[in-house]
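*Asks:* Produce the complete structure using the sequences and hints provided.
Protein chains: 2
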Amino acid sequence: MENIKQYVQENKDRFISELIELLKIPSVSADSAYAHDVILTAEAVKESLEKAGCDFVELCETPGYPIVYGEKMIDKNLPTVLVYGHYDVQPADPVELWTSPPFEPVIKKTEIHPEGAIFARGACDDKGQMYMHVKAFEYMIQNDCLPCNVKFMIEGEEEVGSKSLSWFVERNQEKLANDVILISDTGMISNTQPSITTGLRGLSYVEVEVTGPNRDLHSGLYGGAVANPINVLTKMIASLHDENNHITVPGFYDKVEELSTVERAEMAKAPFSLDNYKKALDIDEVEGEAGYVTNERNSIRPTLDVNGIWGGYTGEGAKTVIASKAFAKISMRLVPNQDWEEITQLFKTHFESIAPKSVKVKVTPHHGGQGYVTPIDSVGYRAANKAYTETFGVPAIPVRSGGSIPIVALFEKELKSKTILMGFGLDSDAIHSPNEHFGIFNYLKGIETIPLFYKYFVEMNK
Amino acid sequence: MENIKQYVQENKDRFISELIELLKIPSVSADSAYAHDVILTAEAVKESLEKAGCDFVELCETPGYPIVYGEKMIDKNLPTVLVYGHYDVQPADPVELWTSPPFEPVIKKTEIHPEGAIFARGACDDKGQMYMHVKAFEYMIQNDCLPCNVKFMIEGEEEVGSKSLSWFVERNQEKLANDVILISDTGMISNTQPSITTGLRGLSYVEVEVTGPNRDLHSGLYGGAVANPINVLTKMIASLHDENNHITVPGFYDKVEELSTVERAEMAKAPFSLDNYKKALDIDEVEGEAGYVTNERNSIRPTLDVNGIWGGYTGEGAKTVIASKAFAKISMRLVPNQDWEEITQLFKTHFESIAPKSVKVKVTPHHGGQGYVTPIDSVGYRAANKAYTETFGVPAIPVRSGGSIPIVALFEKELKSKTILMGFGLDSDAIHSPNEHFGIFNYLKGIETIPLFYKYFVEMNK
Numbered sequence: 001m002e003n004i005k006q007y008v009q010e011n012k013d014r015f016i017s018e019l020i021e022l023l024k025i026p027s028v029s030a031d032s033a034y035a036h037d038v039i040l041t042a043e044a045v046k047e048s049l050e051k052a053g054c055d056f057v058e059l060c061e062t063p064g065y066p067i068v069y070g071e072k073m074i075d076k077n078l079p080t081v082l083v084y085g086h087y088d089v090q091p092a093d094p095v096e097l098w099t100s101p102p103f104e105p106v107i108k109k110t111e112i113h114p115e116g117a118i119f120a121r122g123a124c125d126d127k128g129q130m131y132m133h134v135k136a137f138e139y140m141i142q143n144d145c146l147p148c149n150v151k152f153m154i155e156g157e158e159e160v161g162s163k164s165l166s167w168f169v170e171r172n173q174e175k176l177a178n179d180v181i182l183i184s185d186t187g188m189i190s191n192t193q194p195s196i197t198t199g200l201r202g203l204s205y206v207e208v209e210v211t212g213p214n215r216d217l218h219s220g221l222y223g224g225a226v227a228n229p230i231n232v233l234t235k236m237i238a239s240l241h242d243e244n245n246h247i248t249v250p251g252f253y254d255k256v257e258e259l260s261t262v263e264r265a266e267m268a269k270a271p272f273s274l275d276n277y278k279k280a281l282d283i284d285e286v287e288g289e290a291g292y293v294t295n296e297r298n299s300i301r302p303t304l305d306v307n308g309i310w311g312g313y314t315g316e317g318a319k320t321v322i323a324s325k326a327f328a329k330i331s332m333r334l335v336p337n338q339d340w341e342e343i344t345q346l347f348k349t350h351f352e353s354i355a356p357k358s359v360k361v362k363v364t365p366h367h368g369g370q371g372y373v374t375p376i377d378s379v380g381y382r383a384a385n386k387a388y389t390e391t392f393g394v395p396a397i398p399v400r401s402g403g404s405i406p407i408v409a410l411f412e413k414e415l416k417s418k419t420i421l422m423g424f425g426l427d428s429d430a431i432h433s434p435n436e437h438f439g440i441f442n443y444l445k446g447i448e449t450i451p452l453f454y455k456y457f458v459e460m461n462k
Numbered sequence: 001m002e003n004i005k006q007y008v009q010e011n012k013d014r015f016i017s018e019l020i021e022l023l024k025i026p027s028v029s030a031d032s033a034y035a036h037d038v039i040l041t042a043e044a045v046k047e048s049l050e051k052a053g054c055d056f057v058e059l060c061e062t063p064g065y066p067i068v069y070g071e072k073m074i075d076k077n078l079p080t081v082l083v084y085g086h087y088d089v090q091p092a093d094p095v096e097l098w099t100s101p102p103f104e105p106v107i108k109k110t111e112i113h114p115e116g117a118i119f120a121r122g123a124c125d126d127k128g129q130m131y132m133h134v135k136a137f138e139y140m141i142q143n144d145c146l147p148c149n150v151k152f153m154i155e156g157e158e159e160v161g162s163k164s165l166s167w168f169v170e171r172n173q174e175k176l177a178n179d180v181i182l183i184s185d186t187g188m189i190s191n192t193q194p195s196i197t198t199g200l201r202g203l204s205y206v207e208v209e210v211t212g213p214n215r216d217l218h219s220g221l222y223g224g225a226v227a228n229p230i231n232v233l234t235k236m237i238a239s240l241h242d243e244n245n246h247i248t249v250p251g252f253y254d255k256v257e258e259l260s261t262v263e264r265a266e267m268a269k270a271p272f273s274l275d276n277y278k279k280a281l282d283i284d285e286v287e288g289e290a291g292y293v294t295n296e297r298n299s300i301r302p303t304l305d306v307n308g309i310w311g312g313y314t315g316e317g318a319k320t321v322i323a324s325k326a327f328a329k330i331s332m333r334l335v336p337n338q339d340w341e342e343i344t345q346l347f348k349t350h351f352e353s354i355a356p357k358s359v360k361v362k363v364t365p366h367h368g369g370q371g372y373v374t375p376i377d378s379v380g381y382r383a384a385n386k387a388y389t390e391t392f393g394v395p396a397i398p399v400r401s402g403g404s405i406p407i408v409a410l411f412e413k414e415l416k417s418k419t420i421l422m423g424f425g426l427d428s429d430a431i432h433s434p435n436e437h438f439g440i441f442n443y444l445k446g447i448e449t450i451p452l453f454y455k456y457f458v459e460m461n462k
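Taken in sequence, the protein lines are chains A and B. Everything in the first sequence is counted per full-length UniProt numbering, starting at 1 for the first residue and increasing by one. Everything in the second sequence is counted per full-length UniProt numbering, starting at 1 for the first residue and increasing by one.
Hints listed in this document are in silico derivations from the structure and should not be mistaken for laboratory results. Misleading hints may appear alongside valid ones.
Unchecked claim - Lysine-lysine pairs mimicking DSS-like chemistry, simulated, CA-CA at most 27 angstroms apart:
id, chain 1, residue 1, chain 2, residue 2
1, A, K357, B, K278
2, A, K357, B, K279
3, A, K279, B, K357
4, A, K279, B, K279
5, A, K360, B, K279
6, B, K360, A, K278
What you are looking at is a predicted structure, and each value in this text was computed from that prediction instead of being measured.
*Replies:* So this is what it looks like as structure tokens:
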């Protein structure tokens, strides 16, 4: 694979323009208004796998959006790598905060990305990182150096809980049989310090609805005399954290894995500047669970955040109304050993129990997933680390991510194999935010690093 | 005025169809998208006053929407009645909860309105009640029995704080000189028990904005490590009431008028069934300030209600985001002696003071107005009561309303005259809510009662 650098240099313009075409399709899985575009994206991914050199590619029907499956089987006695990614993206709103339209990709230089970065929704999460694998695969085919079998499974519902993927995986263990699962849907510390995500948080996402009077009321005639569902909802949500920012849901922490002081000391070695962190977010103070530092709060500790809240009059000007209903979307990030379905039930029971008699409360679970930890002594981890070391010149650091890729736990359960999270994005890429982008450097570095993982993974398996 | 009943009977179909035409124009003053319709409504009102018999009618320019002014001066030695009303309406949302389009008026029979009621935004508040005065005036002109001078001042910004009206009144004391101000923008107890509103609550309406990080963040990567503006906002709002539902803003109650036990006993005489009240709203429990009953909580006591709240992802499905900003619209109903500007300042100071260092807070006052109390021994009150007694067969009961008509206090200050609130609506008319309606009975009864007020007011002034 000596010529990988050269191949990337010769083809980088095409690699970029192909990705840009993919980013132009608004595959927002959370909003049914984009259903057609999500399908178009699936078809585009299918075509790209065929062109790259898969023997067999298909759109697998599911209860939801189709899963793109492709494979190149060269020898059943060789190991098989299963590449997972997703072609759906987060909603783009608030659209007004984008400096360029979210689905009209443009390349702009930034301080962190002097070679330029592609700005578009999904540029990093996950179209860009997923497509690195397609192009790395293309390289190995074109240069006849694919050392093992490859399977691709690219889904379209990752941003809404991967329901159909679970359905699909449970029904296709044999088809998806593999020796290691490779995913690029996470980040690394910096462009000079690669890292491999060894831990992920689980997730429980619920929607709550508080209903007071059976209709909107005039706040003058009824104000002060009936429970205001919005005021009640704020009281209920406020009570979910105590003064130390501990979550008050009974039983919430029962199964939380407590890290040893040694492990916490290891984590503390990762380079981090609180000042830069605060500066980057333009905040005067961080806030979080007492007794833990920032890098622990967003990785080894469970959290509860309101992701959306709405009720009453939210338009221009003023409306003196008491709303009949108030709503909130609430997600909890979970750590290994916390079972998301159990936590969801604990939340539901607690939230209903703290509702005053003056309102009715409904808790609707959206989706969730388990946390995950991958051992750093596994062949997969060592192969990935060797690949990073070769392309970046320094070994990767193992880090616990605060994010969730619920299906990683599902894969281990259903497919009995470990997942290696080779992320090439940066925290500053603004995934899930306006102006999401992905560095050209990172994109090309990923394409360059991935084939080396294949090489070392096969060698180490011999 | 013996033939007033007959005149109403002969012309009621026309009275209804004329009102329906007026209700078809969506004069939503809170939303600039309807600016053109608001103007069209002003012109329609102007035309109706000309047709009804005013000598002089004009659209008075203001910094905002025009004020329709009309007059019929018959003898400068006779008293002058100034009729106030408004032609703008509340926003119609949530539109999906309307059983018929808000601006396509239809007549439907209801339990309370067996003769039918007109369903449309503004049917009762205030187009219907305002138009009663135009038709009552028409009757007195047609039958040559107008006993005094009349001035009409119909504004287009009542639902957004009457800013331009204050501006106009302060500059036109002479033009608006009068002996009594007559307003129908309130309700009465029932169709068999008329009442006159003698007290109104003041209002302070503010919008608050909580800003955390400078952009929306991925809740997995940042959750638990930075302040979530929505969680912070809920905590701040929740803290505005204590466990007894007292408002915690320092100084808020300092000037609140405390009613004597005698006065409270008087109030308690008004017919009221808590069971029916709860049944009508479909709630199991009422909720309000400890130490006061429902009819006190919504009339003689100040309140604080969130009228709208929003932040983060509120669309379909799930988005795991920590919003950069969270917002709420908050209104406080004030009682006589509380100064709305002082209360607004107290709120602003307090709300800013309780914000944690991890966020920035902005409080923007929207508008407000003072509370008001009218004496029941005034000529105006006695004339109104006599008119009600004649048309309903029973005397009116004086009641304190929880609503606010801030300009009533302004009128007393600028025009030195008392206001009589002759309301003909019912609590069940759903003003400010979906399916607002106004009973045909109430509409016609109003047209029938108003001329009698003129008659008795002039007689009592002799």
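*Asks:* The structure should be examined with respect to each hint, and the outcome stated for every one.
*Replies:* Against the structure, the hints come out as follows:
For the hint pairing A/K357 with B/K278, the CA-to-CA distance comes to about 12 angstroms; that is within 27 angstroms, so the pair holds. Taking the CA atoms of A/K357 and B/K279, the gap is near 14 angstroms; set against the 27 angstroms cutoff, the hint holds. A distance of roughly 14 angstroms separates the Cα atoms of A/K279 and B/K357; the hinted pair therefore holds under the 27 angstroms criterion. With a C-alpha separation of about 54 angstroms, the suggested pairing of A/K279 with B/K279 is violated against the 27 angstroms cut-off.
Annotation: proposed proximity of A/K360 to B/K279 holds, straight-line Cα distance about 14 angstroms (limit 27 angstroms). Our distance criterion of 27 angstroms between C-alpha atoms is met by B/K360 and A/K278, whose separation comes to about 14 angstroms.
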